[in-house]
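Enquirer: Numbering of the sequence shown is given in UniProt numbering, commencing with residue 1 and proceeding in unit increments.
Hints are supplied without guarantee of correctness; some may be wrong.
[As the list claims (entries may be wrong)] Below are the EDC-like pairs computed for lysine to aspartate or glutamate, each with C-alpha atoms no more than 20 Å apart in a straight line:
no. : residue 1 : residue 2
1   : K90       : D119
2   : K205      : D223
3   : K251      : D9
4   : K90       : D29
5   : K56       : E22
6   : K56       : E127
7   : K251      : E2
It is worth saying that the hints were derived from the structure and are not from the lab.
Only a predicted model underlies this, so the values are computations on that prediction, with no experimental measurement involved.
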Amino acid sequence: METLQGRLDRCSINTATLGHREPLGVTIDRIARAGFGGIAPWRHEVEAGDARQLAKQIQAHGLTVTGYCRSTYLPAATRREFEANIASNKAALNDAAELNARCFVMVVGGMPEGSRDLDAARAQVSEGVAELLETARRVGVPLALEPLHPMYAANRSVLNTIAQALEMCERIDPQGASGALGVAIDIYHCWWDPHLLQSIGAAGKARRILAYHVSDWLRETSDMLLDRGMMGDGVVDLRALRGCVEAAGFKEHVEVEIFSARNWWRRDPDEVLLTCARRLQDVC
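Using the sequences and the hints, build the whole thing.
Expert: This is the structure in structure tokens:
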């Protein structure tokens, strides 16, 4: 496994790590100035500005857009709402193409309000991903299904393991020849999975690993959404897991994605980036 010492060019910052406190143009400059090679912006930041101009700024800094976050949730209570969700994601895919994003991150959504039908929600996800696949192929931006921790199954994602996401990929896109459908592996969400190593290996064999996100799971986490740990502050063996991901064939950017309302989002952005840089090289 290649060391990350002196290789911040192989590291990316998801802009959520800085708490979305500044305009995206400012954040782009900060990330580039700190020496990182990649950035993963969020839709609301891009949609608040000019996607074409932001793409030019990113390109001028030589940054790789390692992912575009994130999809509109797919499951809906009515057919009209479902179709609106599809249309929203198609529009976002066009922006992802403008940014030359490596993938469009699909956080697929939970169960519609008032529903108790988990299978129906998963069926809507499958239908929606299949419909979006044609657009993804046309614009040249792969769909990266990101499984979320099971605690989010009700409201954020009915995809909860890499194995489950891979099964959906194989069912919708059996050959995978175009590389238009795969998975985003976010360690925060999957570190606990007893089948994690086997699933990473299977995803690599199928050539479906499109993104790799890191943070840490704090032993005494206080918020299931907004209290992710900085790498090295929690319980996850991040270096071993990167080794597994790279052994499976994914040797692209390591992307930091930290939601931390009580800690890191309150700190100076440059301090956060400096800490990310140190921890990526020391513990990842």
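Enquirer: Next step is simple, just say for each hint if it's right about the structure.
Expert: Each hint tested on the structure:
{"no.": "1", "hint": "K90 to D119", "in the structure": "violated (24 Å)"}
{"no.": "2", "hint": "K205 to D223", "in the structure": "violated (35 Å)"}
{"no.": "3", "hint": "K251 to D9", "in the structure": "holds (12 Å)"}
{"no.": "4", "hint": "K90 to D29", "in the structure": "violated (28 Å)"}
{"no.": "5", "hint": "K56 to E22", "in the structure": "holds (19 Å)"}
{"no.": "6", "hint": "K56 to E127", "in the structure": "violated (34 Å)"}
{"no.": "7", "hint": "K251 to E2", "in the structure": "holds (9 Å)"}
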